[in-house]
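Asker: Sequence:
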Amino acid sequence: MARGAHIEVRDLKLCYGEHVILRHLDFDVPEGSIFFIIGGSGSGKTTLLRALVGLHRPRSGRILYHGQDFLELDPGARERMLRRFGVLYQSSGLFTSMTLGDNVALPLHEFTRLSNREIDEVVRLKLELVGLGGFESYYPSELSGGMQKRAGLARAMALDPEILFFDEPSAGLDPVAARRLDELVLELRGSLGATVVIVSHDLASIFAIADECIYLDSAEKTITARGHPQKLLEAPPNRSVAEFLTAGRANEPGRMEHV
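Quick note on our numbering: the sequence shown kicks off at 1 and runs consecutively.
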């Protein structure tokens, strides 16, 4: 592997009560990569993402960030590590009663000692990064779905995270807005050097920007394929992967050919 592993997952088992969602999960996320978690509905993609960001406690196994076992950290060290994460949820996660500026400023007020003036400057810069310069005083309801996703991304980047986690970022977006979000992810990875982990079933995004992916099989309840999506398409390890990676591709004109 050309780059060291930023995240290492070892023999992870995820359950809800006695119901096993996923088991025997072993994979590495290379540092600085755009890494996709893919699979059909009900395959456990979001549950795995929740485990990676500390919102779901695994039944067993290990999650390591730069060699540190996330699950074994004391509360203080765990909190410090969580501040190195940025998370963008499906719904963008914005507080509708707050302006975009206040949304982005919230983690800065909570976790830093920056002055109000310094926070205002950071907010301005983050919104400019996602193409929303000058929108500080707007409310989420005044924006399109794509703009809300970009505002949510600005808030996720507020603390300059080492890792960005996205849960179905293109959900609810029209194809043009979804492709613009893909382009933004590429730009931010290039400028920030962050590792990006994305849960998605959007084939256009997967083929356009993924460096690597893992496929979660709902029947096997584990990973049944890993690698670059194009290579998996050319030589699928099983029928389930082949069907997933070919579904709807014939109906996707205007894909990001320049990427």
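For the record, the hints were derived by calculation from the structure and aren't laboratory data. You may find that some hints are simply not true.
Listed next, the in silico BS3-like pairs over lysine-lysine satisfying Cα-Cα at most 30 Å (straight line) [as the list claims (entries may be wrong)]: (1) Lys231 with Lys13; (2) Lys13 with Lys221; (3) Lys231 with Lys221.
Asker: Compare the structure with each hint and give your call.
Answerer: Structure-based check of all given hints:
no.: 1; hint: Lys231 with Lys13; verdict: holds, 27 Å
no.: 2; hint: Lys13 with Lys221; verdict: holds, 10 Å
no.: 3; hint: Lys231 with Lys221; verdict: holds, 22 Å
Violation of the numbered hints given earlier is absent; every hint is satisfied by the structure.
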